[in-house]
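Colleague: Spelled out, the chains give:
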Amino acid sequence: MKHAELKSGMKIIGIILLVFAGTVATHEGEFWPFSIYPMFSQAGNPWTRAMVLDVTYHDSEEIWEIHSLNERSAAVISLRNLGVDQIDFSNFVSKTEHWSESRKNALSTMFSNDFPDGSRWMIVKVRGELVQEDSVIVQIQPLLLLSDGEVMSNPLLDNSHYFIEEE
Amino acid sequence: MKWVYPIAKGLFEPNRENTPGENLFFKLFELFILFYTVKFSFEWAHYTQFRNAEVVLPLGIANYIDVSIFFDNYLSFLIALAILVIAIVAFFRKGPKWLYMVAMLLFHLLYVIRFSQGEIPHSQNLIGLSLLCFAIGLIWYPDKRTMPRFIIGSILFFIGLGYTSAFVAKLIGTGIHWFDGRHLWLWISEKSIDILSREGVYHPNFLQSLALNSVGIASLILLIGWFTEFIGFTLWWHKLRPFTTTLLIAMHIGITLTMNIRFDAFVIQLILIGYPWYKILDIYFKETPAWVARTL
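Read top to bottom, the protein sequences are chains U and L. Numbers in our numbering are just positions in the first sequence, counted from 1, shifted up by 1076. Numbers in our numbering are just positions in the second sequence, counted from 1, shifted up by 92.
Hints in this document: simulated from the structure, not taken from any laboratory. For every residue, glycine included, the Cβ atom is placed at its ideal position computed from N, Cα and C. Do not take every clue at face value.
Listed next, the stretches of chain L that the computed footprint assigns to chain U, with coverage defined by at least 3 CB atoms under 8 Å from CB atoms of chain U [said to hold, decoys possible]:
#1 95-105
#2 234-246
Dumping the calculated PhoX-like pairs for lysine-lysine here, alpha-carbon to alpha-carbon at most 25 Å [as the list claims (entries may be wrong)]:
#3 L:Lys101 to L:Lys371
#4 L:Lys331 to U:Lys1087
#5 U:Lys1083 to L:Lys378
#6 U:Lys1078 to L:Lys371
#7 L:Lys236 to U:Lys1083
#8 L:Lys119 to L:Lys236
#9 L:Lys189 to U:Lys1087
#10 L:Lys186 to U:Lys1083
#11 U:Lys1087 to L:Lys94
#12 L:Lys283 to U:Lys1201
#13 L:Lys189 to U:Lys1171
#14 L:Lys186 to L:Lys119
#15 L:Lys378 to L:Lys236
#16 U:Lys1171 to U:Lys1201
#17 L:Lys94 to U:Lys1078
#18 U:Lys1078 to L:Lys101
#19 U:Lys1078 to L:Lys283
#20 L:Lys189 to U:Lys1078
#21 L:Lys119 to L:Lys331
#22 L:Lys119 to L:Lys131
#23 L:Lys131 to U:Lys1078
#24 L:Lys371 to L:Lys331
#25 U:Lys1083 to L:Lys131
#26 L:Lys101 to U:Lys1087
#27 U:Lys1078 to L:Lys236
#28 L:Lys236 to L:Lys371
#29 L:Lys186 to L:Lys131
#30 L:Lys101 to L:Lys236
#31 U:Lys1078 to L:Lys331
#32 L:Lys101 to U:Lys1083
#33 U:Lys1180 to U:Lys1201
#34 L:Lys378 to L:Lys119
#35 L:Lys371 to L:Lys119
#36 L:Lys331 to L:Lys101
#37 L:Lys236 to L:Lys186
#38 L:Lys236 to U:Lys1087
Use the sequences and the hints to build the structure in full.
Modeller: See below:
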């Protein structure tokens, strides 16, 4: 490799770097395959994920109560067995700010092929946070019930949980 | 720009002679990149066709076009098929030299179609970045003879940059106390919910139990990982590369054990590109195989 080739090699890398910087700077750090790899950059913040619980044989009054992960009695539905990506599902549930009919239908469609007749599946949000500086608490908040092709909201939660206003 | 020269020297090793082993390794590495490109393409196409419902998070070019039009009628499979055909033709250097660039644009499109559901995964970034370096090298690098050295060097440059930039993102996002072990507790609990949701069951492993029982051990795990990210840029110098690569692989194993996040293609690529495998190939190949020489 000659000196001129070294120079043109670094020049090309420099141009890619400029494109890299321009695209990630204008797209919140992500323009695949360019990324500033921001995952885990903000440490210590509370988190929210989602799960599906099988509440088919559970008391209809109790299934809506907020409870801790340790108090969970309903079995967790394995999303891998349904062919659904659990991260996609979690983001779909936790990032939805307006639970419109079309958004509820999209959620229902996600499971429609695998939903056993007569079953009741509860979509729950799971929240974790650091408390008293030395422990993590994880709480389960029931959000939507899938049953007989219907999607029901939690009667114990007010509308602000389903239609989050922008500040 | 004198400071660029040591980096260029580390990346491209201008004083090293081109060998049959280097040429063969280059084509095998290209095959590896294409295998994963095609594999990811069909996996994404399959998921898109059967699971994607609405655009939740537009990424990349999806900010400008409505990618939901590709959710049905097997359009995502058509894109994957086009990538497969291009990969085969371009690997044998048939057709125009911009074919890999077309494959790259289609690969980006397929990524933003598939990952429009909220998840932003990074485990496929290195494959995408490598395909881009192949595309750019084939079009713009002037000398075909030394092009393999440029492509491998540019991939190494962006891998090193990626790790160090992840270090900086943490420093800016949280501060110097990022490695506080309680942060790892939160992430372990978060990832445990992902595993519980995916599998239906979850049990912490030995390393997770160790970290959860001692804030000191949890902090030490984070500190070692963070330091390893910081030195990512030392991949640019060939003498340091094997040592940095080994530390990065160990860090990825640590991430898998503590947070259940797997980077298979990422780690295999690091193993391939981080060590001088051509030296072993040179023992067995005294001449560049004819098919390799034809398709460089």
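Colleague: Within 25 Å, alpha carbon to alpha carbon, are lysine 101 of chain L and lysine 236 of chain L?
Modeller: holds (19 Å)
Colleague: Run the distance test for lysine 101 of chain L versus lysine 1083 of chain U: straight-line Cα separation, threshold 25 Å.
Modeller: Satisfied, since the Cα-Cα distance of roughly 10 Å is no more than 25 Å.
Colleague: Holds or violated: lysine 236 of chain L with lysine 371 of chain L, Cα cutoff 25 Å?
Modeller: holds (22 Å)
Colleague: Checking one constraint from the list: CA of lysine 283 of chain L to CA of lysine 1201 of chain U, max 25 Å. Satisfied?
Modeller: holds (14 Å)
Colleague: Is the hinted pair lysine 119 of chain L and lysine 236 of chain L satisfied, with a Cα-Cα distance of at most 25 Å?
Modeller: holds (14 Å)
Colleague: For the pair supplied as a hint, lysine 236 of chain L and lysine 186 of chain L, confirm whether the alpha-carbon distance does not exceed 25 Å.
Modeller: holds (15 Å)
Colleague: Next pair to validate is lysine 1180 of chain U with lysine 1201 of chain U; report whether the Cα-Cα distance is within 25 Å.
Modeller: holds (15 Å)
Colleague: Verify the proposed pairing of lysine 1078 of chain U with lysine 331 of chain L, using a straight-line Cα cut of 25 Å.
Modeller: Satisfied, since the Cα-Cα distance of roughly 20 Å is no more than 25 Å.
Colleague: Are lysine 378 of chain L and lysine 119 of chain L close enough, with their CA atoms no more than 25 Å apart?
Modeller: This hinted pair holds, its Cα atoms lying about 16 Å apart.
Colleague: With a cut-off of 25 Å on the C-alpha distance, tell me whether lysine 236 of chain L and lysine 1087 of chain U pass.
Modeller: It holds: about 17 Å lies between the C-alpha atoms, which stays within 25 Å.
Colleague: Between lysine 189 of chain L and lysine 1171 of chain U, does the CA-CA distance stay at or below 25 Å?
Modeller: violated (42 Å)
Colleague: Taking 25 Å as the top limit, are the C-alpha atoms of lysine 186 of chain L and lysine 131 of chain L close enough?
Modeller: Satisfied, since the Cα-Cα distance of roughly 22 Å is no more than 25 Å.
Of the hints listed earlier, those the structure fails to meet are numbers 5, 10, 13, 19, 23, 25, in rising order.
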